[in-house]
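From first to last, the protein sequence lines are chains G and H.
full-length UniProt numbering puts the first sequence at residues 1 to 508.
full-length UniProt numbering puts the second sequence at residues 1 to 154.
The set of hints was computed from the structure by calculation and includes no laboratory data.
Keep in mind that the hints are not guaranteed to be accurate.
Unchecked claim - Lysine to aspartate or glutamate pairs mimicking EDC-like chemistry, simulated, CA-CA at most 20 Å apart:
1. G:K290 with G:E248
2. G:K493 with G:E284
3. G:K258 with G:E284
4. G:K504 with H:E71
5. H:K5 with H:E74
6. H:K5 with G:E284
7. G:K495 with H:D25
8. G:K493 with H:E71
9. G:K297 with G:E284
10. H:K62 with G:E248
11. G:K495 with H:E71
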Amino acid sequence: MFDNIINGFSQILAVGPILGIILGVVIGITFGAIPGISAIMAIAIILPMTFYVDPIIGITMLLAVYKSGIYGGSISAILINTPGAAASFLTAQDGHALTKAGKAGKALDMSLFASITGEMLATLVLILVAAPFSLISLQAGPIEKVFLLLFAFTVIGTMAGESIPRGLLSCCLGMLFAMVGMSSITGASRFTFGYTELMGGFTFTPMLIGILVMPEVFNVIRRRRTPHHEMMITHSPNPADNRISFKEFRSVFGTILKSSGIGTFVGALPGLGSSTAAFIAYSEAKRTSKKPDEYGKGSVEGIAAAESANNAVCGSSLIPMLTLSIPGDDVAALLMGAFLIHGLTPGPMIFFEHTETIYAIFAGFLLTDLFLLGIARAGFKFFVKMASLRRYYIFPCVTVFAFAGAFTAGQNMNDILILILFTIMGYGMRLVGLNPAVFIIGFILTPFLEQNLDQAVAIVGTEYHLFFASPFSWVFIALSAFFVISSMRMRRKAKAATLITLAKRKAA
Amino acid sequence: MDRRKIDVALSTLLIILSVIILTNDNLVEGGAESDLSSMFLPRVVASLIIIFAATIAIQSLKTLSQGAQPEGSEVIITNGFSGIFVYIGIFIAYWLAVPYIGFLVATPFVMIAVAILLGGRNWVPIVATSIVTPLLIYYGSREFLRVFLPTWSL
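Modelling step: build the complete structure from the supplied sequences, incorporating the hints.
This is the structure we're talking about:
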């Protein structure tokens, strides 16, 4: 493995990949910092531009956008109390309180250092865990893979949706849309209604941009009358308030390590995502803190906990994708699509079929942290200025990039129609509480399910009990049941807590 | 807007579509023999859709029949929807116009229209951005990506 990592570094230390990382970091921080634009939106818009470059450059650039975009979300959270990403909600509480106290520099520094430490630790875990874990998952045959995929659908559907039926319905709709076009197994055309244009199914990129990106533009248009908030870094006359000293960083290093561990673990589980990681790590840090009263009122430790955890998810969310072909969250689903477009099929075989490429991507992932540190430190003012641009400069450009991106995929105007239809559908899904990210995961994983199911049926023939002969089958059934039940209990508890709060407010 | 009513209507529609998938054999054409029929997985998914859609519809119907007021996520706030319809109109016009007048001609108008919709009134920077951005995308796509965006064909 060590040789592979060294080899990976030798591949990534070239002009093309380095420029890709720098561009990715700049785009990621800028997009992440703009309220209303998230990392996932940035990746979806940039994705078509990477089709025509080497996978090492393209994928590394997308991963740089991802990492920097998650960090960028904390800039607007700290400066104007508007999280650029949902995971930065807790950072906004403590960070903005520090900004109001004239300590924006301290909050931004803490956020950057914690983000990078969390990301680096999670990336190291990814590198050390992914390849050995893939050796175990290689032992899985089609039957085990079917149960594994069913487990993934269940977990993602139950954990990520607004309610369990809505999450699972989102997943089923994604699965149904994935079955439009020619069946990869029988060659039959399904749900095409005589339209030859539908034989190839729905083009992935326009659908992705439509479902995940454009509804955010709709949201901005709806809020177009709300006043624009100018971002500004407040400076304190006391230099110590404008930066983090080594002593301060050392005092929260334990919290960063613990939160990074929580973020890495949560990220490796499908369906939970960076917001959950940030909330768990923040609660744990508050519980064990010597100054729990400061949390929510400008705690540097609070920023460290939330940021290190939500950034640690970046690296570890790739573990299930690279070892089991299961994207853990919406960004991982998008990245899985990018891997597939670049001819790399995520899964255990990737470590054997594309060893050089995957280790070069890992090296790039590590290197991104260093570039993120340097670029973010050097360009705080630039990013704040870019993120302060008025929405009528940003969103016309987003519209045109989305159009060009959708067209680039197949150089076909029909793809623009797909973009428009899925934009409306994506927004409609949000309105009725269906989860677009779960829809995309259902869409991506269904061909794998169908292929493995076909092979599994061929293996068992008419002896269907053989489906349950492997212990893996029972393990995944038990895990699925466990996740459904625990999700139901969690939701019931949350609902009861809300009802109690409402009753208390009414009584008051 | 009461989301529960939309839930009931949407669930009914999904159930009808799923029943069609379950009962209609004409939705699939051709294909080779296989252990797994081409319609096996679509029908399993359609059955699951019926179950989940029915669950959502029943939950919504229950609260509607109790006469309970919609709370939290059950209320869809429709403020600003007119802007969305205008935006969709702009995008459809863009899609229809580009094959004829080309990307470079259509895009500045679309960018200006979206900027106006978002309340932009600083004409000089808006017009400048609307001209420079499509030029960069057009020549960037052509030179670096080898993607040829549509040109004037009238």
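| message | Checking one constraint from the list: CA of K5 (chain H) to CA of E74 (chain H), max 20 Å. Satisfied? | response | Cα-Cα ~9 Å, so holds.
| Hint consistency between K504 (chain G) and E71 (chain H) [alpha-carbon to alpha-carbon, up to 20 Å] | holds, 17 Å
| task | For the pair supplied as a hint, K495 (chain G) and E71 (chain H), confirm whether the alpha-carbon distance does not exceed 20 Å. | result | holds, 13 Å
| task | Quickly compare the C-alpha distance for K493 (chain G) and E284 (chain G) to 20 Å and report which way the hint goes. | result | holds, 19 Å
| request: For the pair supplied as a hint, K290 (chain G) and E248 (chain G), confirm whether the alpha-carbon distance does not exceed 20 Å. | output: The given pair, whose Cα atoms are some 14 Å apart, holds under the 20 Å limit.
| query | Does the alpha-carbon distance linking K493 (chain G) and E71 (chain H) stay inside the 20 Å limit? | reply | holds, 18 Å
| query | Does the alpha-carbon distance linking K258 (chain G) and E284 (chain G) stay inside the 20 Å limit? | reply | Roughly 9 Å separates the two Cα atoms, so the pair holds.
| task | For the pair supplied as a hint, K5 (chain H) and E284 (chain G), confirm whether the alpha-carbon distance does not exceed 20 Å. | result | violated, 41 Å
| field | Hint consistency between K297 (chain G) and E284 (chain G) [alpha-carbon to alpha-carbon, up to 20 Å] | value | Distance ~17 Å between K297 (chain G) and E284 (chain G) Cα, so the pair holds.
| field | Proposed proximity, E248 (chain G) with K62 (chain H) (alpha carbon, max 20 Å) | value | It is violated: about 55 Å lies between the C-alpha atoms, which goes past 20 Å.
| query | Does K495 (chain G) pair with D25 (chain H) here, judged by a C-alpha cut-off of 20 Å? | reply | Measuring from Cα to Cα gives roughly 44 Å; hence the hint is violated.
In summary, the structure is inconsistent with hints 6, 7, 10 from the numbered list given earlier, while agreeing with the others.
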